[in-house]
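Chemist: Next come the chains, spelled out residue by residue.
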Amino acid sequence: MSVEQHAQGMAPVAPAALPAEATRGGRIAIGVAGAVIVGLMLLLGVKLALDAGWVQRAGSPAGAGGVISNGQAALPAFKTAPEVRLELFSGGSLRLSDLRGRPVVVNFWASWCPPCRDEAPVLSRLWAEYQEKGIVFLGVDTWDTEQEARRFAATFAITYPAGIAKGNAAAVDYGITGLPETFFIDGRGTIVRKWIGPLSEPVARRYLDELLAAGSS
Amino acid sequence: MDLGLADAGLIASFLAFSLAIYQLAATIVGYRWSLPALLRSARNAALGNAALLLYLVLTLLVALERHDFSIAYVAEVSSRSMPWSVTVTSLWGGQPGSLLLWTCGLAVFSAVAVWRAYRDAPALAPFAGATLAAIQAFFLFLVTFVSSPFTRLPVPALDGVGLNPLLWDDGMFIHPPLLLTGFMSFSLPFAFVVAGLLAGRLDRAWLARVRRWALVAWGIQGAGLLAGMWWAYHVLGWGGYWGWDPVENAALLPWLCATAFLHSVQVQERRGMLKAWNVALIVAAFALSIFGTFIVRSGIITSVHSFALSAVGPYFFAFLGIVLAGSLGLLLYRLPLLRSEGEFDTLLSRESSFLVNNLLLVGIAAATFWGTVFPALSEALRGARVAVGAPFYQQVNGPLLLVVLLLMGLGPLLAWRRTSPGRLWRLLRWPLATWAGVSLVLLAFGLRPGLAAFAFGACAFVAVATLLELWHGAAVRRRSTHEAWPVAFWMLMARDRRRYGGYIVHLAMVLIAAGAIGQASFQQEAATTLPRGGSVAVGRYRLTFEGLFERRLPDLDIVLAHLRVQQDGREIALMEPERRTHRGWEQQPTTGVAIHTTWPWLDDLYVLLTGWQADGSATFRIIVNPLVSFIWLGALLFLAGTLIAGWPERARLARPAGRPSMAVVPARGPSLQPAAPEVVLSDA
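So the protein sequences, as listed, match chains A and B.
Heads up, the first sequence is in numbering that gives the first Met the number 0, so the first residue is 0 and it goes up one at a time.
Heads up, the second sequence is in numbering that gives the first Met the number 0, so the first residue is 0 and it goes up one at a time.
These aren't lab readings, by the way, just hints derived from the structure by calculation.
A few of these clues could be false.
To be verified - FRET-style restraints, in silico, Cβ to Cβ:
no., chain 1, residue 1, chain 2, residue 2, range
1, B, L466, A, G24, 37 to 47 Å
2, A, G24, B, F172, 40 to 50 Å
3, A, D172, B, G320, 29 to 39 Å
4, A, A156, B, D158, 19 to 29 Å
5, B, S534, A, A156, 54 to 64 Å
6, A, D172, B, I10, 52 to 62 Å
7, A, G24, B, R269, 20 to 30 Å
8, A, G24, B, E268, 21 to 31 Å
9, A, A156, B, L573, 23 to 33 Å
10, A, D172, B, A526, 24 to 34 Å
Said to hold, decoys possible - Some chain A residues judged to face chain B by a derived CB distance under 8 Å, without partners named:
no., residue
11, A32
12, A34
13, L42
14, L49
15, R150
16, S199
17, P201
Since the model is a prediction, treat every value here as computed from it, not as a measurement.
The C-beta atom is built at its ideal place from N, Cα and C for all residues, glycine as well.
Excised from the complex, chain A in its bound form (with noise of 0.2 Å):
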């Protein structure tokens, strides 16, 4: 049924005031309603897929992208990795852009940090083995001494590229809520999975693997 015969089946009972105008001036109303609307939807539809990291802005530097999400569970396959700068305790310094087109796993943490005491034997182990693979491993070390981080390094034999990040800019970037925390970044630059706590052998293959499986498909 049309708008115009409901229009007319009314006009014998309703003491319409104002018939033919009140009708449009409320369809001008809602129109201009509706317009506003779309153009804030759209607006947040830009906002959104900025974040996402569906579409870049021209010149953003990688990683613009906004939160990062809390958890263990998976994280949506398209949140890009913030840039990482590193003071490298061998010596030199090392940007995460520099490794794109490579899969890369970013660790946080530090020598104060229990955990990451039962996690360092588990990463160095998996380094030797995944290194050969194409993974690099980062290790980020996070509000702490660099004396002390040298030590770590150390008694743990870390030879995967390890080192302070200035300011600890990337731990804010990336959203630490703890140490240790790891994030799996795919070759695209993509976070893939994210890691809280200490990682156990099986988990860090199981997403080592899938980096990996990613890669080369």
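Following the hints, position chain B against chain A.
Modeler: The following block gives chain B in isolation, referenced to the frame of chain A:
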């Protein structure tokens, strides 16, 4: 190995999703081809859905209490070191769990609403049922496929991460569930609005139904907001209760729209005006409740409350788009039925005051909405992240709220259609005199700023105007019935609970406003480091630091300070602000605020222990918050008023007897609209 809790949860949530889809399909098919058996089955599906969701919530609770860390959600939000009572609150401590609780609430409310609608309003029931089933299906889709609380970890964790210790508090029992329920319950008035539009039955009974559910949603949301304020003030320890954080705003927006609706609906009932406007308000309230959920959970706007999980963001966005487009389309389609039956006569009338009230409330909502989304919009347009802080909201909303307050005193005195100036003057002279008197007395006693004296006077004006209305009502009753005053008041309330419940809510708002004005205008603050035995004066109080004490519990270290408080040389209290460190959360100690309300000034002494040094000295933040206790008093009064106004009437409408057990009958009654036929169900 037996079937784990995770499997049970996954299976049940899939079943619930299927059932919601079935309910939707059965309602549409049953209505379209007039198959009452199918409609009855759809109605029963709503009940089944509620049962399944209660089962799901129970399953998750059991998993939490059993520390089943094979479930990702359990490992994320609970840990072995958390006491069991805190573990209960983990149910809504994370995104998937809170979505489940939301959906459960919706299922229960839907079951009640759909069942009642089939009994009392068969013409609306299929449409409302289908709308609710569609909303339910959307949420169950998220709970089942996108953000399930029953997803397994690849390898069970040994211990969970646990909730942030800031959330280990009794307030966590009340505030989040109330707000989740509040957000959820805006679905119900929306469903009935959509049902009325679809069925073309926009009559009185329909309006009453929408109003009732709107009142329910408004009351729950209001209680949730007040509980959140209480919690922020007593637990979070930043000295205030409302920070204009995006998430607080998101919860406020639908409440403001519902507040506007509860007022303007009276204009529609009395005068048949503002019909399309009222429909738009309910649509806005629902859309804003979805929008609020969307921005909280999509990470699109940065907030202290962020769940920060983007997976559900795009779905909410799409859902919001469908809701808005559908509602606007429907509104456009039914506009001819929503034509106004009258015109505004004069400015000095009840309906005009409601109109102004609506414009103000919607204005406040629009400003708040703008401030909330502006950072996101600015980032989308220019790539620059900006923050909209509390000053923006205070400057824009403060004056508007003051005018709303004044209108609260004036509006109820105005008559419908027109009020003669003479009569208005008779009603207004005492309240106005109180306003002038209170303001002048406060000014004479040196209260500065003058604006605060003026604002307190305005509060007194509204309070006196409202109390006079109550007193007049009771006096008129007494003249005819010779009842005692308390009896007369009680009977007056009982006779028109909606009106007088509303007045009580108005009085509650006056108390809250007075508290807010006091706190905003006269807060005093000091940050100081005191040696043991040292003392500091803040306002009329002197606090002496007597030393630090330590208390060790198995999972918790507490350091507390003893502070003796003197007021005008007389000792009035011993305050013990604390700093708590939970095992496993060493980097994040929480504060235990000490609050003492003084007499007779009703100042809240609000003391935080922020640190200590090796020599035994300690650093404090001391805030004097005047009149904040008025806000909590107002909150209680708000609850009382809402309950009075909203308590279900007992069997007011006897059920029409002798209906055909099953029939498709044309629209009955004095309905003005060409309406959809109705299918009458009987309870078999």
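Chemist: Hints first: check each against the structure and report whether it holds.
Modeler: Structure-based check of each hint:
1. B/L466 / A/G24: 37 to 47 Å: holds (41 Å)
2. A/G24 / B/F172: 40 to 50 Å: Holds, since A/G24 and B/F172 (Cβ atoms, about 49 Å apart) stay within the stated range.
3. A/D172 / B/G320: 29 to 39 Å: holds (31 Å)
4. A/A156 / B/D158: 19 to 29 Å: Given about 27 Å between the Cβ atoms, the range holds.
5. B/S534 / A/A156: 54 to 64 Å: holds (57 Å)
6. A/D172 / B/I10: 52 to 62 Å: violated (40 Å)
7. A/G24 / B/R269: 20 to 30 Å: Holds: the Cβ-Cβ distance is about 22 Å, inside 20 to 30 Å.
8. A/G24 / B/E268: 21 to 31 Å: Holds: the Cβ-Cβ distance is about 22 Å, inside 21 to 31 Å.
9. A/A156 / B/L573: 23 to 33 Å: Taking Cβ atoms as reference, A/A156 and B/L573 lie about 56 Å apart, which means the hint is violated.
10. A/D172 / B/A526: 24 to 34 Å: holds (31 Å)
11. A32: Where the cut-off is 8 Å and the nearest Cβ of chain B is about 7 Å from A/A32, the hint holds.
12. A34: Nearest chain B Cβ about 10 Å off; hint violated.
13. L42: This interface hint holds because 5 Å falls under the 8 Å limit.
14. L49: Because about 7 Å separates A/L49 from the closest Cβ in chain B, which is inside the 8 Å limit, the hint holds.
15. R150: violated (21 Å)
16. S199: holds (7 Å)
17. P201: holds (5 Å)
Hint check: violations occur at hints 6, 9, 12, 15; the rest are consistent with the structure.
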